[in-house]
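Asks: Chain order of the listed sequences is A and B. With the first letter of the first sequence counted as 1, position 307 gets the number 307 in the working numbering; the numbers rise by one all the way through. With the first letter of the second sequence counted as 1, position 279 gets the number 279 in the working numbering; the numbers rise by one all the way through.
Read the hints as simulated data drawn from the structure, not as lab findings. Just to be clear, a hint being listed does not mean it is correct.
Any copy will do: because identical chains look the same in the list, a pair fits if it lies in one copy or spans two.
What the hints assert, rightly or not - For lysine-lysine, the following DSS-like pairs were computed, each having C-alpha atoms within a straight-line distance of at most 25 angstroms:
| id | residue 1 | residue 2 |
| --- | --- | --- |
| 1 | Lys170 | Lys34 |
| 2 | Lys21 | Lys161 |
| 3 | Lys105 | Lys161 |
| 4 | Lys303 | Lys46 |
| 5 | Lys34 | Lys161 |
Chain residues, written in single-letter form:
Number of protein chains: 2
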Amino acid sequence: MSELFDERLADWKEQIDAELKNILDSLEYADEFKEILEYALFPGGKRLRPILLLEWHSVFSPPDEYALRYACGIEILHSYSLIHDDMPCMDNDDLRRGKPTVHKKYGEGKALLAGDALMDLAYRILNMPTPRGDASPFNLYPALCGDMGLINGQFIDLYGKINSLDDLVKMYRLKTGALIKLACVSGFMLGNNLNYQSGDKFVGSLFGNYVKSVITDRAAPEDERMIKYVMASGFGEAFGCAFQLYDDITEYIAGEKLSETSALKFIDLEEAKIALNNHLNDAAKTLEIVGGDTEYLSEFLQKFVIV
Amino acid sequence: MSELFDERLADWKEQIDAELKNILDSLEYADEFKEILEYALFPGGKRLRPILLLEWHSVFSPPDEYALRYACGIEILHSYSLIHDDMPCMDNDDLRRGKPTVHKKYGEGKALLAGDALMDLAYRILNMPTPRGDASPFNLYPALCGDMGLINGQFIDLYGKINSLDDLVKMYRLKTGALIKLACVSGFMLGNNLNYQSGDKFVGSLFGNYVKSVITDRAAPEDERMIKYVMASGFGEAFGCAFQLYDDITEYIAGEKLSETSALKFIDLEEAKIALNNHLNDAAKTLEIVGGDTEYLSEFLQKFVIV
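Produce the entire structure from the sequences given, and follow the hints as far as they go.
Replies: Here is the structure:
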């Protein structure tokens, strides 16, 4: 089964890469600029976020071009954030996945513009119409990538005070967790042909509001679907924390210099392993409640177990 | 009449500023980060882009909250691009509208993040539902701010070759013109309750495609409306060129050091004035074809006449 799943992951990655290439080809940027965008997007990492979207989508629906396109939009958003975060004025990293970061290779000006272009491109893709004719989960994105997610998380990481594990988890929920959660929720929404329509997108707890708006939208609330929605969100939340701990633990075991924001600065290895496995178990529990064909998502979680 | 129009401009500006403040207040960023965003957005310049949207909207429809919100989205997009363009790795400017640029005041890391946050925020606002229940002109934005506009223009400005007035105009059409054109077209679309629906948003000439898609969308094409749409676009195109020339000429007359991309590097003052007035005349001609209550737009153009 595990080998089959590896093949499946490789197949997703191939599909994602092909679609990303299509998207780049369709742009009207100068060849030199497209080369920079391609450098940023390829070969890419494990493509975790788009794969999570596709796996959540697959639980409810056969694969389709909309889910694939949306998955690529998420990967592109992730990629923009990496380019900007790597820059000297932020994390100042020279290497990313074993090759020079975009600004190291092409200079800071082009890196800054490349990040801008990818954010813009991501929102173009994520806003494209789905079979329902409207931009499905798009409205969730800017808020959860902005003040309720990615950008706010990076701000706290760089300029906030992180004095405890609680502070750290709060930061990672924003910086890493929001996009992972979005991937899972988007897969769920696209797989169920759901849409988000509400004028009230500025205020309050976004997921809280979302749930309210889904309920309000329906004359007869479909409770079962609602529960599954909350489970997709909970899975993303739990896996986001697990993923960060997994990263910190493998870094620690490899003897690398710990970053200032490693969980291992606050807890020891055994505690970190216990926390990791607790989060993975929390994620697994959401799948039990969802039921149906969630085996692949279970296998996905298995990849992050450290004994 | 001109005094009345000045009052009208001041009133628009007041409304825009109040709405921008509302938008900032609604965000969940830390107070320090909100302060940076406020610093970037206030006191602002002449608010030309949002006012153009509101004036075009007013030709067809009484003022409403959607147009005002959309106008603020455009101003926020403009503001993100200024922050990033001013940074040392790009234009390296220390001053903007007489006060320190965002990175000079708060550091480069925070400036980079503030730009990201404003782009994200702009797309959140521009994608909000209108009375028609869908995101009206939003789909035009990312393409015309990305490879077919703003970002591509800045790339050409910094890294392209500008050897002639033609090259220069091409660059300015992208860097400055696209957003101005969008403001006019958005005002037209919101004022006429039009929407943009087409799967084909990647390729080809966007405005060409757009026109086709509007035609396709309608069983009986409304030719008159189509012509007005093209006029709004043409007005934006012509005024975008005029605005750039106006800037270059006033800079020249004030005896400031000419930038590398001043039109006065390629033509002399008299030629520049003729070109400016030709563009303003082109814009005025579109208004004749539109007809109706376009007096304020005519007055707007008058503000940029140099004799």
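Asks: The structure should be examined with respect to each hint, and the outcome stated for every one.
Replies: A quick look at each hint next to the structure:
Taking the shortest Cα distances, Lys170 and Lys34 sit within 25 angstroms of each other only across copies (19 angstroms), while inside one copy they are farther apart (36 angstroms). Taking the shortest Cα distances, Lys21 and Lys161 never come within 25 angstroms of each other, neither inside one copy (40 angstroms) nor across copies (27 angstroms). In the homo-oligomer, the alpha carbons of Lys105 and Lys161 lie at most 25 angstroms apart only across protomers (21 angstroms), although the nearest pairing inside one protomer, at 32 angstroms, exceeds that limit. Taking the closest pair of Cα atoms, Lys303 and Lys46 come within 25 angstroms of each other only inside a single copy of the chain (12 angstroms); across copies the shortest separation is 56 angstroms, beyond that limit.
Taking the shortest Cα distances, Lys34 and Lys161 sit within 25 angstroms of each other only across copies (17 angstroms), while inside one copy they are farther apart (38 angstroms).
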